[in-house]
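Trainee: So the chains spell out like this:
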Amino acid sequence: MATTTELKLSPPLQSIKTQKPISNTNFFHFLSDELIFIILDFLDSNPTDRKSFSLVCKSFYSIESKHRRTLTPLRSDHLPSILTRYTSLTRLDLTLCPRVTDSSLITISNACKSNLQSIDLSRSKYFSGAGLQSLAVNCKNMVEIDLSNATELKDSAAAALAEAKNLERLWLGRCKQITDMGVGCIAVGCRKLKLISLKWCLGVDDLGVELLALKCKDLRSLDLSYLPITDKCLPSIFELPYLEDLVLEGCFGIDDDSLAAFKHGCKSLKKLDISSCQNISHNGLASLTSGRVLEQLVLSHGSPVTLALADSLKRLTMLHSIKLDGCSITYAGLQAIGSWCVSLRDLSLSKCPGVTDDGLSSLLTKHKDLRKLDITCCRKITYASIDHITVSCTALTSLRMESCTLVPREAFVLIGQRCGLLEEIDITDNEIDDEGLKSISRCSELTSLKLGICLNITDEGVSQVGMGCSKLVELDLYRCTGITDSGISAVARGCPGLEMINIAYCKDITDSSLISLSKCSSLNTVESRGCPLITSLGLAAIAVGCKQLVKLDIKKCINIDDAGMIPLAHFSQNLRQINLSYTSVTDVGLLSLASISCLQSLTILHLMGLTASGLAAALLACGGLTKVKLQATFKSLVPQALFEHFEARGCLFQWRDKFFRAELDPQCWKLQLEDAIP
Amino acid sequence: MDHKDKVCADTWAKDLRNKTCSDRPKFANFSAHQHQNKWEDPSIFDYGIRIEPSFQKLSQPSEDQTSLPHNSNNEKTTADGEDVQMNEIFHASKIQDWDPSTMLTNLSFLEQKIHQLQDLVHLIVGRRGQVLGRPDELVAQQQQLITADLTSIIAQLISTAGSLLPSVKHTLSSTSASAGQFGQLGGSFVSSGAGTEASVKLQMNCGNKLPEQPNQTDLISNYGTELNYHIEEHESKDEEDADEGENLPPGTYEILQLEKEEILAPHTHFCAICGKGFKRDANLRMHMRGHGDEYKTPAALAKPNKDSSSEPTLIKRYSCPYAGCKRNKDHKKFQPLKTILCVKNHYKRTHCDKSYTCSRCNTKKFSVIADLKTHEKHCGKDKWLCSCGTTFSRKDKLFGHIALFQGHTPAIPLDETKSAVGASEHGEGSEAPNRVGSINFNFGSTLPSAGGLVQNIMDVKESVDHPTSYFSPLNFDTCNFDGFHEFPRPPFEDSESSFSFLMPGSCNYTHKTGGESNSKQVE
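Chains as they are written, first to last, in numbering that gives the first Met the number 0: chain C, 0 to 677; chain H, 0 to 522.
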C-alpha cells in the first residue's frame, strides 16, 4: 500500500534534509510533530536514513526518539540508556543481542511498561521465568512473544508467562523442557491466544494440547510439528471454531483414525500441513473433504500419491495450493490431480521420483492458472514437459527446476518466450546455455535468478540478463566457470537493485567485477568463495560502495589480506557474518574487524597468519559474537578461562579439524557431484 | 541351570556329610526316639497354636537319647535325602500348570518333609538340653549342622507349599514367577531361570531369622493363606466396584443379611475341635490338618463350595444390616452386595468410624485397613497439583480437573530444582524399606554363582559363633508370630508389597537382635 507513495515522497525529503543546514531558517518549527511523524513513517526502507535524520539537530533527535516504534538493539548492555531515549517503543527485537538475561528483561519491562506489545527473544536462552514474569506483570499490553530456542526454559517460566493475559501470539519452538504442565498454565492464563507454535516442544503431548484447544477458543494458528501427540487431542483441536492454520508436520502418532475426527468439525481450516506423517493414507485424507474452505494442503514426504489419494482430495473445492514434495507419485495419481475440478495456483512436486513427461502433461492440461511450480529434481522430465508447462501455464511467476538433468538446452528458450511474467527462476544444475539465458532475459519482472552449476553459460548470456532484467535482486552464479568480469559488470550496470550475488568458484573473476558491483548500493550478501584473483582492492571497493553489506563470504580468496579488512571494518558497519577461511588475513586484519559492532558470526579456519594471542585479542574486542568457527588447534593454545568468558557472553564455538583440501577442476567437481547422487 | 544346581546340592551334601562324620555318634543317636515320640504325641501338630506346651513336650524326649541311627526314619542319610529332594523340588517348581496328581505328590512330599522337620526339632531340643551340661565347641558345630539341615528343609517346604495352591496359577502362573519377583528385589538374580534358586534363598532368609521350627511351619501355612487372602481381597474389591451396574431382577437371587456383630467379628471360621478362630476358610483348613490325618486328604483340603457346583443353587446376594442404606434390602433402590467380603468392607467403610490414620500425611483416615495400605502406597506421591490445592496421582486426572473448572491452573512447584530434590527425597523415603529388602538378600547375592544351598551353609557358619542367640528362648517371643499374623498384605501383589513382606520379617529380625550374629549378618 505505502510503497508507491513512499517512492514519490522520499526524494523531496532527502532534498529537505540536505537543504536544512544551508537555509538555517527554523521553518521546521511550523511543522507539528505529527506531520514530521507522518514523514518519518515513510523512512522505513533504509534504517540509516532515520539515523541521519536524528543526527541533524536536537529537535529532530527528540522527534525521532518519540517516533520510533520498533527497535532492534545489538547489545543488551546498552538497553537502559536506549530505553530511556525511546519511550514509545511497541516492538523490541532482541534477536541480535548475543545474551539476553533476566536483568535485561526486567530493565525492559520497567522501562517500557504497558507500551510494549511485542518482543522477540528467539535467539537467546539465558533468561528464565523471573525475567518473563516481570515482562508479563509490567507489560500488560503484550500481544506477541517469541521464545523460540529458549531451550532452558522450564515449566515455571511458562507459568510466569501465563500472567500475560492479553497475549495473542506465542512462539515456543524448541523449548524442549516445557511440558504439559507449562502449556496447561499458558492455556489457562492466556485465553486470547490466536497463534501458538509448539514446534519441537518434545515434552508436550496430548494432555497439554487438548487443554490448549479447550481453553483458547480464539486460536487461529496452531503449530504442533514434531510433537508426540496422538489422536486423543485432535478432536478438540478440530472443534476450535476459528482455526485456520494447522501444522502437524512430523507428528508420527497421527494416523487415518485421527483425521476421522475432522469430519465433525473444523469448518474454518484454510491451511493444513501434515507433511512427514507416514501413517496417513488416502483413507484419512478422504475425511478432509468436509473442510469446505481448505485452501492449502502440504502432504510432503507422506504416503505415495496414487489414484486413490488424488481421488480422495478431489472434492476440496477451495484448494489452490498443494505440496507433494518427496512423495513417490504414480502416473494415475498425477492424472487424477489433473482431473480435479479446482484450478491449482501453486503446485510443488520437488524430489518426486515418479514424475514423468506424460504424468506432468496430463496434470497441467487442466491447471492452466498455475502461478508457482516446483519440479526440483524431477530427473525424468524432458523437453516435452517444459514445452507443455510453458504452453499451459503462461501466467507462471515462479519456476523451480533445479537438477532436471534430462531437459535439453533448447527447452530453456521456450521458458523466456512463453512465460513473460516469471519473477523467480531456479535453473541450478541444468543444461541451459546462452541462447536460453538470452530468452529468459525477456522476463523483465525477474527478481531472482539462480544459475548455479550451469557450466554452459558465458558472459554473453549473463550480459543479456543484465540488460533485460533490471529488477533483479538475487543472482546466483555459483560455479558458473564461464563467467568473467564483463558479464558481472553488465549485471552490475543493469541491475542497480541487486541485493545478493553469488560468484563462488567463478575463478576468472577479478577485482574489476567487485569494483563494478560496488555500484549496487543495496547489496547485502556477497559470496565470492574460491575466486583466487580477487584481492583486497576489490574488497575495499565493495566495503566503500555497499554500506548495507551484512553477509560476506570470501573463503579461499587467497589474495585477500589485512589491507582488505581495514576498509571493511571502517565502512561495513552492518556486517554480521563473515567467512575468512583460507585467506591471507592475519591478526591485524582480524583485530581491525573486531571494531564492527554488529559482527555476530565469524568463520576463521586455516588462517595461516593467525596466532593464538591475536585471536584472543580479536575475540575479546568483538563483544557481539554469537558464533565462531575455529580450527581445533586453537582450543589448547588459548586459555580455557578465556573461552569460558566468551561463552558466558553468549558466544558459541564450533571446532573444526579438517585437512586443507586442494581445489578441484570444475568439470571434475561436477562429475564427482553426479556420482554422489544415486 | 538344573545341572548347576545339582552340583551345588552335591557339594553341599558332601560338605554336610563330612561334617556329620566328625560327630556322627551324637548327631545320629537321637532321632529314633523322636520318631516314636512324635507319632504318639498329637500336640506336636498343634505347635502353631500352643507353642509353650508343645515346646515343653518337645524338650522332654531330648532327655534320653538312644543310639539308633538317625536315618532309620528317612531311609537315607539326611544329606543324601536332601540331594534327591532338592532335585524333586526343582522338578516340582518347574511344573507350571496345576494338576491334582502333582499336588498329591507335593502333599506327600510336604508330609515327609514335615516329619523330617519334626525330627530336627526334637534334635534341637535335645541339643539344648545338652548345651546346658557341656558348653564346648562341639555342641556349637552340631547345632550349626542341624540348623543348616533345618533351613534347607524349611526352604523346600515353603516352595513346595507355594506350588500347591491352585490359585497361584491364576495370579502368578508359577512359583518361579513369584520367586522372580523377589529376585528383582535382590537385584542380583533377575533372570527367570534363577527363579527356584531365588525362592530357596528367600525362604532361607526366613529360616535364619526364625530358626525355631513351630514358628516356621506356621509361616508356611501363613504363606499359603496370604496368597489366598490376596486373591480374595482382589476379587472382592473388583466386584464391589463392578456390581454397581449389575441388574439382577429381584427374586432371582437369595438375600442374606448378616448382623452387625457378625460382620465386625475378627474371625468367621472356627475350629470345631479347639475353637480357634480364623479369618479365612483356607486358614482353618490348614489348621485342621493338625487335628489328624482325616483332615489331610485332598478332599478335606479342597475348597468346600466346589463340591456343590454340580447342583444349581440360587445365587446368593447380601444385604447390609444398616437401615436406610442403599445396600439394605428394605431400600427402594436396593443394590445387593455380592460377597461376604463386600459386606464387610462396605459396612466398615460406610457405617463405621475411620480409625486407621495414615502415618505419613496424618490426614487421611480409613476404616478398612487394606484401604489404608493402598493409600500409603502412594501417599505423598501425588505430584500433580492444581492451583486450588487438589492433588492428583495422575496427570490426566489433573488435566481433566483443569478442563472442567474455570480459573484452575496447573500448579508448578515454586522452585523446580527443589521439586527435583523432592522427588529424590521420595526416592530416599521409599529406599528405607528397599534397603531392608536388599539387606535380606545381600548376603544371598554375595555368592551369586554358588546358589542358594552353598549360601545356606555360609549363613549358618556365620551364626555359629553365637549359638545362644540363635537358639535363645527370645526367639519364641510371641512378637514373632504377631509379626507374621498381623501382616496384612499379600506377599506377591507387587514389588512394593513384597518389600513389606520382608518388612515385618526384618522387624522381627531387629527385635531379637539380642544375638549379635543377626546384626552382623545385616551388616
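Keep in mind that the hints were calculated from the coordinates and are not lab data.
Check before you lean on any hint, since a few could be wrong.
Stated by the list, open to error - Estimated spans, in silico, between C-beta atoms of each pair: (1) Glu-260(H) <-> His-263(C): 55 to 61 Å; (2) Lys-546(C) <-> His-400(H): 45 to 51 Å; (3) His-263(C) <-> Thr-101(H): 43 to 49 Å; (4) Ser-386(H) <-> Phe-652(C): 39 to 45 Å; (5) His-400(H) <-> Leu-420(C): 41 to 47 Å.
Unchecked claim - Pairs of lysine-lysine, DSS-like flavour, derived with a Cα cap of 25 Å: (6) Lys-365(C) <-> Lys-379(C); (7) Lys-376(H) <-> Lys-363(H); (8) Lys-376(H) <-> Lys-364(H); (9) Lys-214(C) <-> Lys-394(H); (10) Lys-198(C) <-> Lys-380(H); (11) Lys-124(C) <-> Lys-153(C); (12) Lys-364(H) <-> Lys-353(H); (13) Lys-364(H) <-> Lys-153(C); (14) Lys-216(C) <-> Lys-231(C); (15) Lys-124(C) <-> Lys-628(C); (16) Lys-396(H) <-> Lys-175(C); (17) Lys-214(C) <-> Lys-382(H); (18) Lys-153(C) <-> Lys-382(H); (19) Lys-364(H) <-> Lys-347(H); (20) Lys-302(H) <-> Lys-337(H); (21) Lys-382(H) <-> Lys-175(C); (22) Lys-394(H) <-> Lys-231(C); (23) Lys-231(C) <-> Lys-396(H); (24) Lys-396(H) <-> Lys-216(C); (25) Lys-216(C) <-> Lys-262(C); (26) Lys-139(C) <-> Lys-193(C); (27) Lys-153(C) <-> Lys-394(H); (28) Lys-396(H) <-> Lys-363(H); (29) Lys-214(C) <-> Lys-275(H); (30) Lys-112(C) <-> Lys-175(C); (31) Lys-347(H) <-> Lys-216(C); (32) Lys-331(H) <-> Lys-343(H); (33) Lys-382(H) <-> Lys-343(H); (34) Lys-382(H) <-> Lys-231(C); (35) Lys-396(H) <-> Lys-153(C); (36) Lys-295(H) <-> Lys-275(H); (37) Lys-175(C) <-> Lys-394(H).
C-beta atoms are modelled at their ideal positions from N, C-alpha and C, and glycine is treated no differently.
Trainee: Would you pick out the hints that fail for this structure and give their numbers low to high?
Mentor: 2, 3, 5, 10, 13, 29, 30, 31, 33
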